[in-house]
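Each protein sequence line maps, in turn, to chains A and B. All the letters of the first sequence, read from the start, carry residue numbers 352 to 611 under our numbering. All the letters of the second sequence, read from the start, carry residue numbers 152 to 488 under our numbering.
Rather than coming from a laboratory, the hints here were simulated on the basis of the structure. A couple of the hints might just be wrong.
Stated by the list, open to error - Derived, one-sided and incomplete: chain B residues facing chain A with beta-carbon distance under 10 Å:
id	residue
1	F178
2	V182
3	R253
4	S263
5	R276
6	H329
7	D337
8	G424
9	S426
10	I427
11	E429
These figures come from a predicted structure and were not determined experimentally. Just so it is clear, CB atoms sit at the ideal spot from N, CA and C, and this is done for glycine as well.
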Amino acid sequence: MIRYLKIYKECIKVDFATASTYRLNFFLNCIIMLLGDIFFPLITVLIYGSGAGFEGWTVYEVLLIQSVFTMSTAIADMTFHGIMWATMDLVRNGGMEMVLILPVDTMFILMARTFSFEGIGLFAGGAAIFTIAILNIPAPSVWEWLQFLAFFISGLFVMMGIGLIMAAISFKWVGNSRIPEIFDCIRSFGKYPQSVFPKAILVFTSFLIPVAMIAYCPAAALLGRGNMTMFLMILPCVIFLLFGIFLYKYMVRLYQGVGG
Amino acid sequence: MDNNAKDIITVKGLTKKYITYKRGSGFKESVKALFVREKVPVIAVNDISFSVRDGDIIGLLGPNGAGKSTTIKMLTGTLYPTCGTIEVMGYNPTKNRKNYVRQIGAVFGQRSQLIWDIPPLDSFRMNKAIYSISDEEFEERVSFMAKLFMVEDLIKRPTRVLSLGERMKCEFIMAMLHNPKVVFLDEPTIGLDVIAKHNIRDFIRRMNGMGTTFILTTHDLEDVEQLARKVIIINKGVKVFDDTIENLKKVLGAKKIVQLTLLKEVGTLDIPGASILERESPLKMTVSVDLERMPINEFMAKLSEQCAFSDISVKEMPMDTIITHIYQSKGIEQPDK
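Produce the complete structure using the sequences and hints provided.
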């Protein structure tokens, strides 16, 4: 465990060294990521400003969901989403051998090596909207904050599970640039209050691919809307992550390599 | 190397098969391939068996696409064999991968372990953490190998500003930081100039002298001649030769290929042991020289008596000619020839 922490520390240092080498690129990427993902909550403000909105949800409640989604995306981008891009690239150009000859878990080293500080801008943006939203809703209790934390971590499990499944698919579906788009499409269901979806989609977003846990459930907990179903949803989140880990490890075994 | 050394690598009946898809060229074929693709089974490595003794240097030779890299990838545990067994230092590379790869090193000539934007020294630190190398050992190994390669200053510059030869030296340091017992080298001198090749070969010899076993794949016969004691030649996935370098030379007859650019056209060459293999143009020809009958210095002296030339290069025998010689020496028909 200590060895893995040391490796992770080295990877963070490498990313910092790379970011400081290409400073302009780093700052631009931070800003572009922030603008790209912050645009969505701004649309919510405009929709509510025009008198429309999601029935039963105030603008600050919706902003709370979307800011949690933004923070979760930022953490995922910084810590484990890189595995999807890295696997796609390594499988396509045959560089996976260089990872497989290392005496560490392949999944771990790819996540560690793709650690990126660039999501820090996005996280800061999400945190800013979260603060605004939280100041405009009734103050949550300690119990609600604890629920929020449990659901938020479970949401990260879902994000990691989706990322690993997409990365695993790239072992067979070599060089398919649409994989990240499928990934975005699936997780985007987590951006909205789940009450706007029909029942069939709710089953999908709650238990099959529990994307509701990414933002809706943690925000609902802070709004005092947490319930037993949400606690039950933690189990499919853990199963989803375990399935992602299993599938990725299984697909690594099927790696064929490319010509020399 | 100790003649009584034990086998450190044993390979039996190693086979790798995979499926690829055939797709024709042109627009019509591209459209057809959108809906139907013909599966083509490929046998990259077919029933190969061999052994390597502790402290040896083995050359795995073969033309492009022979199955050398696939074999070495299976030996490193990065590819799973379809069938057959591999045992390296008592490990099965496909089982307990993490423990196994801790004992080995690998340099793939066309891939890099170095991180592009940071100095090699920082990449070495990454491997220090991965292999849990102590601070003292790390400092000692880096300074020893950097001195051996004369790259003490280079390892502090960003990798992207280094030349291919300099990067390759750093790749070797990276691969050998954890003092592996066995090192696999896949085309380690590919694309390097004469001096860089010499440095790399010298380094391999020095490390071998300290007990490291090397298995190198190459299609450069010079690598094998200068380094290996034993040669395994693979052609179309099948082992065609497995013996000492001396016995390979006996099969090949110690021949060199000389490429000449003449100043004036010449009809024939009256030099014992020399024969014209090919005339590319009236002023360009390729000559085969049997070194047992005509040492290269005597050949040069006689050649300058008989003709005037503006350029000359002495090369090793091409790999396809070597393979043909081996099949001929065994009296068997060469596949697809």
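Against the structure, the hints come out as follows:
1. F178: B:F178 check fails; min Cβ-Cβ to chain A is 21 Å, beyond 10 Å.
2. V182: Hint violated; B:V182 Cβ to chain A Cβ min 19 Å, cut 10 Å.
3. R253: holds (4 Å)
4. S263: holds (7 Å)
5. R276: holds (6 Å)
6. H329: Holds: closest Cβ of chain A sits about 9 Å from B:H329, inside 10 Å.
7. D337: OK, holds: B:D337 within 10 Å of chain A, min 7 Å.
8. G424: Where the cut-off is 10 Å and the nearest Cβ of chain A is about 36 Å from B:G424, the hint is violated.
9. S426: Violated, about 34 Å.
10. I427: B:I427 check fails; min Cβ-Cβ to chain A is 34 Å, beyond 10 Å.
11. E429: At 28 Å from the nearest chain A Cβ, B:E429 fails the 10 Å test, so the hint is violated.
Hint check: violations occur at hints 1, 2, 8, 9, 10 and 11; the rest are consistent with the structure.
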